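Chains U and P are the protein sequences, given in the same order. At position 180 of the first sequence the residue is numbered 180 (our numbering), and the sequence of numbers has no breaks. Just add 1000 to wherever you are in the second sequence, counting from 1, and you've got our numbering.
It should be emphasised that the hints constitute simulated quantities derived from the structure, not laboratory data. These numbers were taken from a predicted model, which means no experiment stands behind them. Note that CB positions come from ideal geometry on N, CA and C, so glycine has one too. Errors might be hidden in some of the hints.
Now the in silico label distances, taken between C-beta atoms and shown as ranges [stated by the list, open to error]:
| hint | chain 1 | residue 1 | chain 2 | residue 2 | range |
| --- | --- | --- | --- | --- | --- |
| 1 | U | Q121 | P | T1272 | 56 to 64 Å |
| 2 | P | A1061 | U | I180 | 29 to 37 Å |
| 3 | U | L8 | P | D1398 | 52 to 60 Å |
| 4 | U | V117 | P | E1315 | 32 to 40 Å |
| 5 | U | Y263 | P | R1081 | 29 to 37 Å |
| 6 | U | A9 | P | D1375 | 54 to 62 Å |
Here are the simulated DSS-like pairs of lysine-lysine, each with C-alpha atoms no more than 25 Å apart in a straight line [said to hold, decoys possible]:
| hint | chain 1 | residue 1 | chain 2 | residue 2 |
| --- | --- | --- | --- | --- |
| 7 | U | K2 | P | K1231 |
| 8 | P | K1051 | P | K1125 |
| 9 | U | K2 | P | K1143 |
| 10 | P | K1125 | P | K1143 |
| 11 | P | K1256 | P | K1231 |
Quick look at which bits of chain P chain U covers, simulated, 3 or more residues with Cβ under 8 Å [as the list claims (entries may be wrong)]:
| hint | stretch |
| --- | --- |
| 12 | 1110 to 1120 |
| 13 | 1407 to 1415 |
| 14 | 1464 to 1476 |
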Amino acid sequence: MKDWRYALAENRATLLAFAVFLVMFAIYAGNHPAGFSANVVQTASNKGVLLALVAVAQTFVVITAGIDLSVGSVFVLANCLGSWIVVGAAWQAALGVLGVLLAGVACGAVNGLVVIVGRLQPIVTTIATGAVFFGLALLLRPSPGGDVYGPFADALTGRVLGVLPASLIALAAVVIVLWIPYARSPIGRAAYAVGSSEQASFMSGVPVDLAKFWAYVLSGLSAALGGLFLTFVTYSGEASAQTGGTYTLYSIAAVVLGGVSLYGGSGSAIGAIFGALMFRTIGDLLFVFNLDPLWQPLFQGLVLLAAVSLGAARLFQVRNRLELFS
Amino acid sequence: MAEAAPILVMQGVSKRYGGVRALENAGLEVEAGRIHAILGENGAGKSTLIKILAGVVAPDAGRILLDGREVAFDSPAAANRAGIVCIFQELSLVPDLSVADNIAISNPPTRFGMIDRRAQRRMAKAALLRAGAGDVHPMALVKDLPLSRRQMVEIAKALARDPRILILDEATSALTAADVAKVFVVLRRLRDEGLALLYISHRMHEIAELADDCTVYRNGSNVATYRAGAKSDAEVVELMIGRELSAVFPPKPPPKPQSAAPLLQVRRLGWTNRLRDVSFHVEAGEVLGLGGLDGQGQRELLLALFGVLSGVTGEVRVAGRLVTPRSPSAAKSDEVGMALIPEDRKTEGLMLPMSVAENLSFAALDRVSRAGIIDRDREHALVAEMMQLLAIRAGSLDNPAASLSGGNQQKVVIAKWLMAEPRIILLNDPTRGIDVGTKQEIYGLLRRLADRGAAIVFYTTDYSELIGCCDRALVLYDGAIRRELVGEEITERALVASALNIGETAEVLAAGAAR
């Protein structure tokens, strides 16, 4: 096999997610009553980027074969905190942004420590910590309200050069500054190794605990970025249980659609981003084809089921059936 | 051996797992620039020794000296830093990463904090060439490689760490003859470069070809160290045996002649490359032992009979009727009547959080149910009967199975299957890690079941059980039956010789007889 074939195989899942998204978005834009305009793209991207950031957060943990059910709560907490502290003069708002991101890092660090030191399953840990984070959000914003520093919000949710949505550029910046260096660093490599086979990683001298810790921390950071962006979009904070739960579940769907294996060890946040955009586009497609919005959950569910079934096809090759359970 | 100061010395090393003694005052001296083979039968302590050196487990007592300085490793990474690298029998490769990623896993080359993929590929390529595996592409994913290539990658990965002491634990078991030859060239070159190599293998001809020094382990201690070639195969076997009988066995009945339609008849059974052309029979009332070194296909044979594996070829007859179980539930149906006592009672035999009574009745729910409803009274009566038969000591039937001792857990597993009244009972190393008293009870139980007309297939890694418990024994090697031993022929000497697949079995036996 030639080198490029290996490179292709390595990125197949991500490229597939990208291709499917492009097709779906083309159908959507082509049938939109307003046509393919900068406005349509901007609205779609602002909605999509919210879920994409939470999906990136989920990816960090899923790669280590864990799962983070607190991402939605961190997202909401960051939103509520942002509506308090990203205000005032420009320098105060900038400090506020930093504060929100640090809060996300702290949430992730708590998750990581409980999972690593407490040896608890990620699913149980993050259900519990997620409830705590949501409780904090509720204390911050018992009822919706607050404000955000306008220039930041306008800059990040508007357009650059009149056509490009600023939110997409911000998302690309997150990928370039956060994801790519991580995925190529020794600690990112360790995360993949741990997710693929924790035992083999330990035997090979991989820093197992450190890799997991960083994954949770970066997950918290990405979810906080998403919450911050939500504040910029809505100009307010709201401790909505429904938002938290929906984003957590959708982030898992986006990760699966983006070709990130829930068994851990393979996939990319870039794939998860396209998975998130895809998931959002499904809903929009129903809209442009004038279908009842009530169909949306059913339709999204069917697409998800199809994606998961494709991923399970490998099980048909197993010859020792005991391996199915391991 | 006083020419050079040894690079590695182990003194008085002991290790216990619960009540089981794995190493007892064991020692080892390894010199640089030599290949040192370690020999011993199953359970002699070889793998525990390796695990201690590799930093996987910590010894209870004893000292390890590296270059004369005492060392202790709390993790494989610490052992690697000290220059001790181990190639494990169970592979330590990460399946979803590429070959190059795996080779460089512990110390990838970096630029500006990111992994330098180009440098890493160069490094991987060089290591693969050094290991004689230039045909493996560094970008291929490990999970896509066949087992023999993975093992070569494993060797390349070890070499990339520049070890001073390289440990190979059955590292050639999945390799083809051509690969073995290549690996041997590599190992000899490494020795000439001044590395110390520890070589564990059950292939005697490999050791004869490769080793400079040999140390024999028995019962968790080193019993002899000698220059390679200083002892004959017969003498080596003599050194390896001699484990004291650890339990008292019930008397055996006179041998049974083969009938026209034995209860279990297996012909030409095969599965991938792990089982080859296995044919044998078991009469009602007979205990058939499966022996040989660990991992020669015994476990797969039992799983194949019980319908766990798919793609099994050959035929299985029960009482003359052709049945080929396709699933465990088919195997335990009335027309087949099979039961498998699994090896790992914690994952395959018990639902640990469920109660003892519930665990017991799982395999026999159809016998205690009427019209699909579980008859609780009948269930309890049967369970009580089994508890008494096997003398299971449980505080209460409603306690979770996890609360019992290992021995009692294993009895629950056995009792669970006996409640379904099987005709054919397959046992996969049922006495591993349990106390002597429980072992004796299990031996007695096996004999009673056979006397009641069951056919028993009993795989054990403990040779004394084959000798004490079995009417006949089959020794497997590399997925095929190497030898059948009947009655008095089942001796430790014959078992060890055929398990090691030593060609001159007659010579070994003669040497034993002459003693």
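Structure-based check of all given hints:
{"no.": "1", "hint": "U:Q121 with P:T1272: 56 to 64 Å", "verdict": "34 Å, violated"}
{"no.": "2", "hint": "P:A1061 with U:I180: 29 to 37 Å", "verdict": "50 Å, violated"}
{"no.": "3", "hint": "U:L8 with P:D1398: 52 to 60 Å", "verdict": "58 Å, holds"}
{"no.": "4", "hint": "U:V117 with P:E1315: 32 to 40 Å", "verdict": "55 Å, violated"}
{"no.": "5", "hint": "U:Y263 with P:R1081: 29 to 37 Å", "verdict": "31 Å, holds"}
{"no.": "6", "hint": "U:A9 with P:D1375: 54 to 62 Å", "verdict": "57 Å, holds"}
{"no.": "7", "hint": "U:K2 with P:K1231", "verdict": "51 Å, violated"}
{"no.": "8", "hint": "P:K1051 with P:K1125", "verdict": "29 Å, violated"}
{"no.": "9", "hint": "U:K2 with P:K1143", "verdict": "18 Å, holds"}
{"no.": "10", "hint": "P:K1125 with P:K1143", "verdict": "18 Å, holds"}
{"no.": "11", "hint": "P:K1256 with P:K1231", "verdict": "40 Å, violated"}
{"no.": "12", "hint": "1110 to 1120", "verdict": "holds (count 5)"}
{"no.": "13", "hint": "1407 to 1415", "verdict": "violated (count 0)"}
{"no.": "14", "hint": "1464 to 1476", "verdict": "violated (count 0)"}
Hint compliance for this structure: hints 1, 2, 4, 7, 8, 11, 13, 14 are not met, and every other hint is.
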